[in-house]
Amino acid sequence: MELLGKVGLALGGGGAKGFAHIGILKALEEYKIPIHKIAGTSMGSIVGALYCAGYSANEILKMLQEEKIWNWFKIDILKGGLVNLNGVKEILRKHIGHDEFSKLKKPFYVAVSNLNSGKVKVISEGNMLLEWIAASCSIPVAFSPVTINNDTYVDGGLFMNLPSDPLMFDCDTVIGSNVIADSKVETIANAKDVAERVFNLSIIQNQRISKLHCDLYIESKKLVNYSMWDFNKFDEIIEIGYKAAKKKIERDLLPQISEIESKAND
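My numbering applies: residue -19 is where the sequence shown begins, and numbers increase by one.
Honestly, the hints are just simulated from the structure, not real lab data.
This one's a predicted model, so the numbers in the text were calculated from it and none came from an experiment.
Backbone N, C-alpha and C define an ideal beta-carbon position, used for all residues, glycine too.
Hints are supplied without guarantee of correctness; some may be wrong.
[Said to hold, decoys possible] Ranges between beta-carbon positions, derived for each pair:
1. I189 x S104: 17 to 25 Å
2. R231 x K86: 24 to 32 Å
3. D150 x Y11: 17 to 25 Å
4. D150 x N170: 24 to 32 Å
5. E105 x D173: 35 to 43 Å
6. A171 x V204: 13 to 21 Å
7. Q45 x T127: 31 to 39 Å
8. E46 x E9: 17 to 25 Å
9. K42 x N170: 32 to 40 Å
10. M108 x K(-14): 23 to 31 Å
Build the full structure now, drawing on both the sequences and the hints.
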């Protein structure tokens, strides 16, 4: 797959829906499509960091199966949100073993939203890897914000949910994995549904432009049937991501590669 050149992978946010990224990575591995750089937002930053640390898609899945998912989150009502992300940092520290971007096996970018400046920030270096991932995952109101150097940060999805921008100038091919589809929702039953829908609509707006920067864009409409809180359904969500990726690779990417190879042999 050297014909693709340097490949960057953008993994979007979406809470539990982000488990679909594991299935997408599994499909890319099966087709031997190398990933040289990853940019992640929210759950995409967790999956992306683990992959850049050297874990395969199946190894990340095994990690989810062995670590009780609710151990990742701890109740913290007094600090601006319902839940903090200390559990996430502890589990990532356990499996990654360090806190430095430079020690990852692949370049990694994480998108966060700075509430003070009202702007997105993309981090790719330094020794606060786990803190920046926690910040990127801090869904406003639901999770406690993260304070770094006197600035307050929340979920990167607020401004850049599909972080293709950090990859487009340095990669020959950009693959985007989006888990919040621009689709109609049939039922909004309660206050939690309202809050989730409002947040998702803001995300949908900012990722419309990010989609245009992707050479291969992967999304499954089936994920609209899942909530960002469906952490216990990770097996189903991973399978949806896997099938969506296989379909897109076989339909859109492999024919392009075959055409390039054919021209090269003429």
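Consistency of the hints with the structure:
Judged by the Cβ atoms, the range 17 to 25 Å given for I189 and S104 holds: they are separated by roughly 21 Å. The hinted range of 24 to 32 Å is satisfied by R231 and K86, whose Cβ atoms lie roughly 27 Å apart. At about 23 Å, the CB distance of D150 to Y11 agrees with the hint of 17 to 25 Å. A C-beta distance of roughly 44 Å is found between D150 and N170, which places it outside the suggested range of 24 to 32 Å.
Here the CB-CB span from E105 to D173 is close to 39 Å, well matched to the stated 35 to 43 Å. For the pair A171 and V204, the beta carbons lie near 19 Å from each other, so the given range of 13 to 21 Å is met. Taken as a hint, the range 31 to 39 Å holds for the pair Q45 and T127, whose Cβ atoms sit roughly 33 Å apart. Evaluation of the 17 to 25 Å hint for E46 and E9 yields a pass: the beta carbon distance comes to about 20 Å.
As the Cβ distance of K42 to N170 is approximately 34 Å, the hint placing it in 32 to 40 Å holds. At roughly 26 Å, the beta carbons of M108 and K(-14) sit within the given window of 23 to 31 Å.
Violated hint: 4 only; the structure is consistent with all others.
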